[in-house]
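Chemist: Sequence:
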Amino acid sequence: MDPLDSLDSLRHLLRFHPLIDNHAHNLLQRDAAQDYDTYPLEAITSEAHGRALPNAQSTLPLLRAINQLGELYGTPCVTWAEVQDAHAHCVRQDYDGLIRRSLTGTHALLLDDLLSDDDVASFAWHDRFTGAATKRIVRIEAVAASLIGQLMSTERRPGESVWSQFRQQFLDVLSSAMDDANVVGFKSVICYRTGLDVDPHSGDEALLTASLHRTLDSGTRSTGYRVEDKPLNDWLVQQTLKLITLKKKGGVVKPLQFHTGLGDNDINLVTANPAYLQPLIALYPDADIVLLHSAYPYTRQAGYLASVYPNVYLDLGEVFPMVSREAQETIIRQSLEITPASRLLWSTDGHFHPETFWLANKQFRQALEKVLIDYVQHNDYNISQAKAVAADILFHNSNRLYQLKLNAQYTPAAVGSPLAKRPEMALSSDPLDAFLRQNPDIQYVWMQWVDYTATLRVRMFPIDEFTRIARKQRRVGISLAVFWMLQDDSMTQDGSTTGQFYLEPDLTSLYRNGAMPTPATPSATVMSFWRSETDEPLENCPRTALQTVVEQLHRNHQIDVLCGFEIEVVFLKPTIDQQTGQITQYSPATTNHSWSQVTSETRRLVPLLEEVCRTLASMGIHLQQFHAESSPGQRPFAARQVVAAVAEQHGLRATLHPRPLPDGAGNAAHAHISINPSTQEGSFLAGILNHYPSILAFTLSQDASYQRVCSGMWTGSEWVAWGFQNRETPIRKISPGHWEVKSMDGLANPYLAMAALLAGGLIGLEARSPLTVQECTIDAATLTAPERSALGITTPLPKSLAASLAALDKDQALRSLLGPHLVQNYSAVKHAEMARLQAMPETERRMWLLERY
Numbered sequence: 000m001d002p003l004d005s006l007d008s009l010r011h012l013l014r015f016h017p018l019i020d021n022h023a024h025n026l027l028q029r030d031a032a033q034d035y036d037t038y039p040l041e042a043i044t045s046e047a048h049g050r051a052l053p054n055a056q057s058t059l060p061l062l063r064a065i066n067q068l069g070e071l072y073g074t075p076c077v078t079w080a081e082v083q084d085a086h087a088h089c090v091r092q093d094y095d096g097l098i099r100r101s102l103t104g105t106h107a108l109l110l111d112d113l114l115s116d117d118d119v120a121s122f123a124w125h126d127r128f129t130g131a132a133t134k135r136i137v138r139i140e141a142v143a144a145s146l147i148g149q150l151m152s153t154e155r156r157p158g159e160s161v162w163s164q165f166r167q168q169f170l171d172v173l174s175s176a177m178d179d180a181n182v183v184g185f186k187s188v189i190c191y192r193t194g195l196d197v198d199p200h201s202g203d204e205a206l207l208t209a210s211l212h213r214t215l216d217s218g219t220r221s222t223g224y225r226v227e228d229k230p231l232n233d234w235l236v237q238q239t240l241k242l243i244t245l246k247k248k249g250g251v252v253k254p255l256q257f258h259t260g261l262g263d264n265d266i267n268l269v270t271a272n273p274a275y276l277q278p279l280i281a282l283y284p285d286a287d288i289v290l291l292h293s294a295y296p297y298t299r300q301a302g303y304l305a306s307v308y309p310n311v312y313l314d315l316g317e318v319f320p321m322v323s324r325e326a327q328e329t330i331i332r333q334s335l336e337i338t339p340a341s342r343l344l345w346s347t348d349g350h351f352h353p354e355t356f357w358l359a360n361k362q363f364r365q366a367l368e369k370v371l372i373d374y375v376q377h378n379d380y381n382i383s384q385a386k387a388v389a390a391d392i393l394f395h396n397s398n399r400l401y402q403l404k405l406n407a408q409y410t411p412a413a414v415g416s417p418l419a420k421r422p423e424m425a426l427s428s429d430p431l432d433a434f435l436r437q438n439p440d441i442q443y444v445w446m447q448w449v450d451y452t453a454t455l456r457v458r459m460f461p462i463d464e465f466t467r468i469a470r471k472q473r474r475v476g477i478s479l480a481v482f483w484m485l486q487d488d489s490m491t492q493d494g495s496t497t498g499q500f501y502l503e504p505d506l507t508s509l510y511r512n513g514a515m516p517t518p519a520t521p522s523a524t525v526m527s528f529w530r531s532e533t534d535e536p537l538e539n540c541p542r543t544a545l546q547t548v549v550e551q552l553h554r555n556h557q558i559d560v561l562c563g564f565e566i567e568v569v570f571l572k573p574t575i576d577q578q579t580g581q582i583t584q585y586s587p588a589t590t591n592h593s594w595s596q597v598t599s600e601t602r603r604l605v606p607l608l609e610e611v612c613r614t615l616a617s618m619g620i621h622l623q624q625f626h627a628e629s630s631p632g633q634r635p636f637a638a639r640q641v642v643a644a645v646a647e648q649h650g651l652r653a654t655l656h657p658r659p660l661p662d663g664a665g666n667a668a669h670a671h672i673s674i675n676p677s678t679q680e681g682s683f684l685a686g687i688l689n690h691y692p693s694i695l696a697f698t699l700s701q702d703a704s705y706q707r708v709c710s711g712m713w714t715g716s717e718w719v720a721w722g723f724q725n726r727e728t729p730i731r732k733i734s735p736g737h738w739e740v741k742s743m744d745g746l747a748n749p750y751l752a753m754a755a756l757l758a759g760g761l762i763g764l765e766a767r768s769p770l771t772v773q774e775c776t777i778d779a780a781t782l783t784a785p786e787r788s789a790l791g792i793t794t795p796l797p798k799s800l801a802a803s804l805a806a807l808d809k810d811q812a813l814r815s816l817l818g819p820h821l822v823q824n825y826s827a828v829k830h831a832e833m834a835r836l837q838a839m840p841e842t843e844r845r846m847w848l849l850e851r852y
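For the sequence shown, counting from 1, position 588 maps to 587 in numbering that gives the first Met the number 0; every step adds exactly one.
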């Protein structure tokens with residue numbers, strides 16, 4: 000038998016596959032975590048409150064928790080008092096460590112963030128403990144209560160009723176949440192308030208007005224308002240489902256979660272039965288509905304609904320660790336009786352104390368393992384089927400339903416492998432943990448960012464310090480002077496050295512350094528975002544600018560973007576003055592050269608190219624091809640730094656200079672952009688073309704770049720145009736929704752360049768711009784003015800950086816979308832840089848750029 004298709008492999012998956020917690024709540028801040036009067040620890044296994052809660056200490060779930068928690072704390076616990084002492088010690092000594100251990104294996108949290116007072120942490124704070132960003136679940140009754148409180152302190156317009164104002168504000172908040180990328184769903188606690196026997200149809204205005212007034216009379220601005228009047232509560236659910244249905248037609252899927260079953264003494268146990276929701280479910284077949292908390296003790300009823308209605312999902316949370324081991328196993332068996340495994344989700348309902356997450360995850364994995372192995376041994380499932388069921392429940396079903404698009408790696412353990420011997424190595428889905436498992440020898444990490452001059456800046460940290468930075472246990476401050484800094488560290492006239500921003504590593508970009516001269520200490524590189532004093536994204540950050548535009552394309556138009564680059568370099572041989580040791584000039588590494596040919600001379604570079612290929616492959620970057628372009632010594636590659644490092648080891652200089660040799664075609668960094676779906680490609684392309692002169696300020700960011708804006712070089716020629724497979728247009732269409740942008744080179748900041756291109760496309764989509772420029776099948780520069788005009792080709796490409804910056808200065812739409820402060824600072828830097836370079840003699844200017852790019 001294949002060792003990966005054994006019961007041991009099933010056990011390994013059940014214990015260590017990363018999970019998505021599709022319903023949880025905020026953790027407490029450190030000080031509040033020791034306040035047992037306000038946040039009693041007994042609540043980790045009981046829904047009891049007040050005088051009934053001390054009785055929990057004699058329940059089987061709590062006694063079982065005592066026996067298990069010693070493993071979490073690292074010290075045996077026999078009594079509840081010992082658990083409380085161990086908890087307090089862990090909170091005082093290393094609260095973050097306690098949380099991290101409790102969330103081991105949790106790749107993502109979806110938080111119902113009702114708990115928003117000062118005692119609990121914000122939803123984004125939880126990111127430091129998981130492999131993916133935390134997402135929000137918006138509780139609709141909490142939204143309504145907040146709006147009612149605001150209504151009582153605001154004036155209404157003449158003729159406007161309290162009901163009409165509340166109705167509009169509630170719908171506005173729902174719509175805003177629908178457009179918020181951090182919100183992935185909604186939740187209703189109508190089960191607690193008026194029961195699950197929800198009227199599927201809206202009441203009339205008079206009935207709803209009266210219901211709202213009764214709610215207003217039930218509280219005060221100081222005490223708050225509890226939304227628990229049936230017509231109003233039913234209306235909140237109805238409107239949420241209507242909006243969910245409407246948005247789903249546009250591709251936006253955000254489910255509505257319902258609390259069902261198990262709850263405290265505030266709940267009506269009879270109307271907590273999800274069977275009451277059947278008429279509502281049937282009326283909104285396109286709205287995805289999640290029945291939370293295993294619907295215990297109505298698990299079978301909930302499972303039946305999930306089996307006969309394709310829009311219903313059953314969540315298996317909260318009963319872990321609230322009920323006994325046997326009850327947990329029974330709940331899983333009842334859930335699997337007729338419910339499709341593709342409709343089952345996992346959650347902890349974790350809240351306040353880290354132990355709620357740890358116990359829930361531990362006990363659920365144990366119960367699921369017991370049930371699935373029993374089914375395999377009785378031939379109900381084969382091992383492959385059981386593994387698929389487990390992975391779906393733990394991760395894939397939530398990933399699909401909430402459109403999270405996550406990719407958590409799970410490494411199966413073969414018999415005799417290190418993972419089989421140390422299964423804890425496979426548990427964490429945190430990207431840093433995963434990287435360090437694969438690269439245990441890494442000692443330093445280089446945190447990098449690209450400034451407005453396309454200069455790569457770097458800070459280096461020992462791995463322990465970098466781990467603290469990645470875990471948000473310390474911050475790295477960088478002077479705001481970077482916003483106005485040139486390549487030689489001088490600043491523009493209006494620059495300031497006051498203030499700082501903070502680097503935040505993007506762990507998805509973490510990779511091992513390749514091509515380092517031996518015996519270099521093993522190191523890694525990671526790209527960074529710029530964050531503010533309050534840990535908010537900075538408008539001035541190039542990576543944030545690109546991320547913002549990409550998110551707007553997805554949120555507003557349901558368009559996903561894929562970008563890629565052709566990296567071109569020229570290999571040069573340095574000439575060194577024997578007396579000074581200084582480089583005096585560069586010459587081509589080869590001279591006998593032609594396009595896509597290996598000559599007797601260029602064959603000498605093949606070992607270098609193969610070394611580059613091997614180095615990139617060792618880093619997980621696989622080349623599709625490399626070949627000679629139309630300039631001596633040139634090759635396009637996927638990773639600039641590796642190429643440069645390998646070339647240096649061979650005594651050569653790999654340059655990105657657009658025209659390092661006056662008689663050569665030079666270098667580019669052609670960008671490929673694909674949008675999916677491509678149904679709106681006309682407006683997207685029209686937007687890019689309409690703003691192309693301004694975009695060039697980012698894609699051709701040096702005067703040297705404009706030496707290639709000419710006809711006859713296959714570099715895009717001289718007019719704003721496009722053509723199918725036409726290499727003498729600045730935009731070459733390759734297939735529906737896929738274009739190559741030729742007006743870009745290696746001197747550009749790639750984040751700003753792509754942000755500007757995509758922003759142009761977004762502007763076209765927002766304006767529904769028609770594509771008035773027709774396809775050009777030849778070099779537009781060879782056409783007469785009337786011939787170009789007939790094709791709608793009327794705009795020449797700028798011939799200098801000054802001309803592109805002037806166009807950018809007038810382009811208010813593009814400036815607004817990219818961020819006016821970013822554009823202002825970028826323009827100031829480019830003007831200062833341009834003045835400095837233009838003051839140099841041509842030979843000195845060429846050497847200056849060759850030494851830096």
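Since the hints were derived computationally from the structure, they do not count as laboratory data. Just so you know, not all the hints are guaranteed correct.
[Unchecked claim] Okay, derived cross-link-like pairs now, SDA-like style, lysine to any residue, Cα gap no bigger than 25 Å in a straight line: (1) K241 x T222; (2) K241 x P278; (3) K471 x A519; (4) K229 x K248; (5) K241 x K369; (6) K798 x T781; (7) K798 x Y750; (8) K798 x G736; (9) K246 x L170; (10) K732 x T776; (11) K572 x L561; (12) K732 x V549; (13) K241 x R100; (14) K809 x S799; (15) K246 x S163; (16) K471 x K241; (17) K404 x H556; (18) K798 x K471; (19) K732 x T454; (20) K246 x K369; (21) K248 x G218; (22) K248 x N381; (23) K798 x R767; (24) K798 x E565; (25) K241 x S145; (26) K229 x G218; (27) K241 x Q551; (28) K241 x G218; (29) K248 x E739; (30) K369 x R299.
[Unchecked claim] Across the chosen pairs, the derived CB separations fall in these ranges: (31) R50 x G96: 45 to 55 Å; (32) D95 x P75: 57 to 67 Å; (33) A51 x S121: 26 to 36 Å; (34) A834 x G476: 22 to 32 Å.
Quick caveat, the model's predicted, so the values are computed rather than measured. From the three backbone atoms N, C-alpha and C, an ideal C-beta is built for every residue, glycine too.
Chemist: Looking back at the hints listed earlier, which ones does the structure fail to meet?
Modeler: 1, 3, 4, 5, 8, 11, 13, 16, 18, 19, 20, 21, 22, 23, 28, 29, 31, 32
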